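Asker: Using full-length UniProt numbering, read the sequence shown as starting at 1 and increasing by one per residue.
All the pointers check out, no bait thrown in.
With a straight-line cut-off of 25 Å between C-alpha atoms, the simulated BS3-like cross-links for lysine-lysine are: (1) Lys208 - Lys298; (2) Lys179 - Lys207; (3) Lys197 - Lys298; (4) Lys197 - Lys326.
Derived CB-CB ranges, DEER-like: (5) Leu28 - Asp192: 44 to 50 Å; (6) Leu94 - Ser164: 28 to 34 Å; (7) Gly221 - Glu156: 53 to 59 Å; (8) Ile337 - Gln163: 51 to 57 Å; (9) Ala148 - Ala188: 53 to 59 Å; (10) Thr263 - Arg291: 25 to 31 Å; (11) Lys326 - Pro171: 36 to 42 Å; (12) Gln163 - Ala188: 53 to 59 Å; (13) Asn266 - Gln124: 19 to 25 Å; (14) Asp89 - Arg159: 20 to 26 Å; (15) Gly221 - Asp23: 40 to 46 Å; (16) Gln124 - Glu231: 34 to 40 Å; (17) Asp161 - Gln124: 21 to 27 Å.
Simulated from the structure, these hints should not be mistaken for lab results.
As the structure is a prediction and not an experimental result, all values here were calculated from the model.
Positions of the beta carbon are idealized from the N, C-alpha and C atoms, including for glycine.
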Amino acid sequence: MPTALYSRWQALRAENPTLRARDAAAQLGVSEAELIASRLSIDTIRLRPDWSELLLALGELGEVMALTRNQYCVHERKGRYHEVIVGKDAPMGLVVSEDIDLRFFFSGWASVFAISEQTAKGTQRSVQIFDRQGTAIHKVFLLDNSNASAFEPLRERFRFDQQSAELNLQPPPAQEAAKPDSAIDVAALRSDWAELKDTHHFLALLKKHGAARTQALRLVGSRFAEPLDPEALPTMLETAAEREVPIMAFVGNRYCIQIHSGTIHNLRWAGPWFNVLDNQFNLHLDTRGIRELWRVRKPSTDGVITSWEAFDNDGELILQLFGTRKPGVPERRDWRILAESSAALEVD
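Start from the sequences, fold in the hints, and give me the full structure.
Answerer: Rendered as structure tokens:
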């Protein structure tokens, strides 16, 4: 029998058939995971949270669409789940194929569902993963050319013994209070920044100095970080498309980062949303959420690595852009020219 929540959701969908689950959950005052759990016994099965085995099994589905998002940006990439690197009970995992490129952080992963929804376009099959707050971490959607015959066996193999809608949601983890600027040793921060050997060491640098990300960008000085007009971001992406400069676009949340590498082509505005609508890669950026945009330069053994980084009002990273490159290879000249072409904002 449908739950009261499911019935309320369907009534809302009848009024607005295009309403997405995330937005419906917000309107109904529940988490998206609670909304999905209301579908149990209708078109949804709860799966075992056996992350290593499940991620490895996703390769059986063939080509799929992987989706990772945060509040203001959605990253969709078509490809196959192969070259999955994850150990039993490992805290992290990777997918490092040419098409789907992911970084997983399992500490917050909590629930997972397999959904077979009937739509006007036919059956939409997906696997959706949520954190302890009921927020979506990562979703995998089958395509017309996916191996649909593998979905039901996978769903039954990972079926959770307890098909319960009880999720035991928890409040968000407490954020550490940011230090005042006066408590940061700016000279030491700049010195350590100058000695970076790998961009992957950047978070450790922030932790060492107790600095929030945007705080460090403000304090490190224009040699390494410069503020940009947020309106420059769509223009830069349009120029990258015109010049066919291959980029790396990173979008993530606390527990998953998804990466696209390559050129972009079909760019469109839809109200405040700036979109990349290519065959294999879609990006949907709500430009209203961008509070700060920075050009960031990080030293490495391969030379300086330049990125553009967009942040929301809470200092959370929305989108990060690099030039396409591999470890051991210097930054592309065409990307550096593009990344350096916008004038920095004047700082008071």
